[in-house]
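A.B. asks: Letter by letter, the chains look like this.
Number of protein chains: 2
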Amino acid sequence: MSEGRADPIVTDALIIGAGPVGLFQVFELGLQDIRAHVVDALPHPGGQCTELYADKPIYDIPALPVATGRELVERLLQQIAPFAPQLHLGQEVASLQKLAGDDGRTVFAVETTKGLRFHARTVFIAAGVGAFVPRRLKLDGIEAFEDSQLFYRAPSDEAFAGRHLVIVGGEDAAVDAAIRCAEPGLNKAASVTLVHRRDTFAAPAAQLARLQLLRDSGALRVVAGQPTAIEHDGGVLKALQVDTPDDGTQSLPLDALLVCWGLSPKLGPIAKWGVALERRQVIVDTKKFETSEPGIYAVGDVNTYTGKRKLILCGFHEATLAAFGAAARLRPDDSHQTLYTTSSPKLRKLLGVAPPDDAASSGTTGG
Amino acid sequence: MSEGRADPIVTDALIIGAGPVGLFQVFELGLQDIRAHVVDALPHPGGQCTELYADKPIYDIPALPVATGRELVERLLQQIAPFAPQLHLGQEVASLQKLAGDDGRTVFAVETTKGLRFHARTVFIAAGVGAFVPRRLKLDGIEAFEDSQLFYRAPSDEAFAGRHLVIVGGEDAAVDAAIRCAEPGLNKAASVTLVHRRDTFAAPAAQLARLQLLRDSGALRVVAGQPTAIEHDGGVLKALQVDTPDDGTQSLPLDALLVCWGLSPKLGPIAKWGVALERRQVIVDTKKFETSEPGIYAVGDVNTYTGKRKLILCGFHEATLAAFGAAARLRPDDSHQTLYTTSSPKLRKLLGVAPPDDAASSGTTGG
Chain X
5 MSEGRADPIV
15 TDALIIGAGP
25 VGLFQVFELG
35 LQDIRAHVVD
45 ALPHPGGQCT
55 ELYADKPIYD
65 IPALPVATGR
75 ELVERLLQQI
85 APFAPQLHLG
95 QEVASLQKLA
105 GDDGRTVFAV
115 ETTKGLRFHA
125 RTVFIAAGVG
135 AFVPRRLKLD
145 GIEAFEDSQL
155 FYRAPSDEAF
165 AGRHLVIVGG
175 EDAAVDAAIR
185 CAEPGLNKAA
195 SVTLVHRRDT
205 FAAPAAQLAR
215 LQLLRDSGAL
225 RVVAGQPTAI
235 EHDGGVLKAL
245 QVDTPDDGTQ
255 SLPLDALLVC
265 WGLSPKLGPI
275 AKWGVALERR
285 QVIVDTKKFE
295 TSEPGIYAVG
305 DVNTYTGKRK
315 LILCGFHEAT
325 LAAFGAAARL
335 RPDDSHQTLY
345 TTSSPKLRKL
355 LGVAPPDDAA
365 SSGTTGG
Chain V
5 MSEGRADPIV
15 TDALIIGAGP
25 VGLFQVFELG
35 LQDIRAHVVD
45 ALPHPGGQCT
55 ELYADKPIYD
65 IPALPVATGR
75 ELVERLLQQI
85 APFAPQLHLG
95 QEVASLQKLA
105 GDDGRTVFAV
115 ETTKGLRFHA
125 RTVFIAAGVG
135 AFVPRRLKLD
145 GIEAFEDSQL
155 FYRAPSDEAF
165 AGRHLVIVGG
175 EDAAVDAAIR
185 CAEPGLNKAA
195 SVTLVHRRDT
205 FAAPAAQLAR
215 LQLLRDSGAL
225 RVVAGQPTAI
235 EHDGGVLKAL
245 QVDTPDDGTQ
255 SLPLDALLVC
265 WGLSPKLGPI
275 AKWGVALERR
285 QVIVDTKKFE
295 TSEPGIYAVG
305 DVNTYTGKRK
315 LILCGFHEAT
325 LAAFGAAARL
335 RPDDSHQTLY
345 TTSSPKLRKL
355 LGVAPPDDAA
365 SSGTTGG
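Going line by line, the protein sequences match chains X and V.
First residue of the first sequence? That's 5 in our numbering, and the numbers climb one at a time after it.
First residue of the second sequence? That's 5 in our numbering, and the numbers climb one at a time after it.
None of these hints come from the bench; they were simulated from the model.
Don't take every hint at face value.
Said to hold, decoys possible - In silico DSS-like pairs for lysine-lysine, Cα to Cα no more than 27 Å straight-line: (1) V:270 with V:292; (2) X:314 with V:142; (3) X:60 with V:350; (4) V:142 with V:292.
No experiment lies behind these values; they were computed from the predicted model shown.
Input sequences plus hints: build the corresponding full structure.
C.D. replies: What follows is the structure in structure tokens.
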């Protein structure tokens with residue numbers, strides 16, 4: 005360990021991914037009396053459910069005839085609340101290393117892109133199709149300006165106040181940001197230029213109407229074109245060059261550049277963790293959903309096995325058997341029989357709810 | 005085929021068991037555009053959820069923080085409604101035979117205890133711990149009176165009106181029946197005698213209070229004792245003999261005998277269907293949850309495989325992969341890729357709901 009760094013967080017279980025399956029993993033570990041930390045690249049829990057279909061109906065979650073992605077995540081958060089998971093959001097896992105722990109048992113040393121470190125006895129990869137990270141604008145020399153003048157998400161409401169802002173993108177996020185920064189108020193930018201490959205935007209009708217009003221009033225302008233280069237001078241980003249449909253080039257002066265090209269999943273460093281992969285999926289068994297590395301489990305869309313279907317409800321099953329697997333690893337001397345929340349005083353205590361009614365639970369089939 | 009019998013019901017899929025997993029099997033088959041018939045021994049859908057824990061909370065159904073058994077079943081019935089399953093209740097599967105169909109493909113000939121016959125291309129055993137059948141009173145010669153003077157469930161509200169009724173049992177069902185038949189009204193029995201091994205009953209406090217009032221008023225009497233024999237004469241059941249705790253014997257005259265000893269699961273004839281078993285569980289693979297007999301699948305508590313946990317949520321996963329397996333068997337030339345209810349017009353049409361919003365479904369991660 006290097007000097008001057010905070011001690012790592014020691015935990016029985018670390019879950020990578022706060023999508024629906026990662027969240028339900030918290031629940032199943034909780035029923036095994038194992039508390040978990042969860043890391044996710046997004047700034048909020050829910051993964052794809054929140055990011056890609058927050059408002060779209062899902063029909064195939066058992067016993068939920070219909071729920072939006074957002075509702076599904078809210079329900080799961082409510083369900084896992086008794087187990088008080090510690091969520092570490094907005095950061096990806098950067099590295100994972102196997103160590104021999106103090107007692108000779110394996111420990112996984114994990115570090116995130118924000119420098120958070122864990123020593124975990126078991127790791128659950130619930131990373132879906134990978135960490136959702138912003139699709140980046142790939143232009144020579146642009147990386148140097150990230151987080152100073154180049155942003156993929158507005159760092160705050162007032163971040164662009166009084167600045168000359170160029171926004172790149174054609175969907176909700178770009179349209180919303182353009183409206184927010186062009187409308188009168190304390191957060192108003194000095195100028196707003198919205199760049200998209202064509203003058204057509206995908207957003208709710210009400211937002212499109214507001215956008216049009218702002219264009220008509222001259223509060224923002226739209227440029228149809230593709231970004232091709234940046235102009236900078238003395239370490240300061242000065243302008244974005246755009247190829248326009250009429251084969252021209254336009255230079256758009258700016259103080260700040262906001263790129264809203266959505267998110268793209270990145271499997272990232274998982275490939276370097278030493279777990280066996282097949283076509284970029286993590287290979288698991290169907291007994292414990294354990295990877296080739298004992299103590300590391302993989303659940304949900306990230307894994308593969310014979311018969312695998314990438315469905316949320318399958319991930320729920322996988323998380324359940326993985327929790328039993330982890331319990332057997334962490335407490336090899338326990339019995340690990342299947343207990344039921346309808347009848348087990350132990351599970352009910354873990355859930356923080358009233359114990360089962362004795363009269364009702366005894367001899368229900370007998371006379 | 006014997007003369008004079010109705011033609012068998014021809015179906016792509018027959019599900020044995022209408023518990024939560026059997027019901028969800030309907031849903032997953034529906035998403036594969038396969039319609040199903042369902043047979044269950046109980047007179048209502050839900051299996052154990054309805055029979056054993058209708059009012060007890062279940063906490064481990066994913067995204068349902070808490071639901072009673074009844075609520076879970078209601079939600080599943082609502083979810084499968086678009087696929088209009090045909091439920092055949094109150095009957096067990098008596099026999100299953102493999103036939104070669106007209107086109108050389110395998111057909112399973114199934115007959116129920118009520119004489120209903122099916123020719124099914126695929127069969128799903130979702131029988132849980134077996135068919136729930138009433139625990140029977142085993143006394144010499146008693147079977148002859150079943151459904152004439154001996155009952156395990158009241159055939160109708162007025163069945164015992166004006167008759168001398170003996171009820172055997174010590175829980176809710178026995179207490180409820182005793183109250184119903186002893187209270188004033190059109191359905192009142194001539195006399196009601198409630199027999200239980202001891203003078204203690206397990207029922208809600210309100211019911212116990214009503215029972216006590218009826219005892220105090222002389223409208224019913226309680227006899228503590230164990231049934232040991234019946235008395236009959238000329239094909240008519242006359243009395244039940246009971247051994248009492250004081251080592252005496254009492255003869256209880258009767259017109260009708262209602263035994264409420266609850267239900268007991270019976271695996272029944274499944275053992276004779278030629279599918280491989282291990283400790284009375286049906287062995288399945290984890291790819292399609294298919295048994296040793298191709299075309300017969302087993303899902304939920306009835307099956308076994310490495311890692312098996314008898315949990316409802318695991319059964320949901322099993323039913324899903326079994327449905328994919330059946331689809332591949334019934335339509336070998338199709339692609340059988342995984343479709344999503346959030347984005348697939350085909351699935352949305354099968355569900356009878358609006359197609360996905362094109363604008364929202366296209367390029368959600370793109371610019």
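A.B. asks: Now tell me, hint by hint, if it's right for this structure.
C.D. replies: Consistency of the hints with the structure:
Between residue 270 (chain V) and residue 292 (chain V) the alpha-carbon distance is near 25 Å, which keeps this suggested pair within the 27 Å criterion. For the hint pairing residue 314 (chain X) with residue 142 (chain V), the CA-to-CA distance comes to about 51 Å; that exceeds 27 Å, so the pair is violated. Taken as a hint, the residue 60 (chain X) and residue 350 (chain V) pair is honoured in the structure, with Cα atoms around 16 Å apart against an allowance of 27 Å. Between residue 142 (chain V) and residue 292 (chain V) the alpha-carbon distance is near 41 Å, which puts this suggested pair outside the 27 Å criterion.
Checked against the numbered hints above, the structure violates hints 2, 4; every other hint is satisfied.
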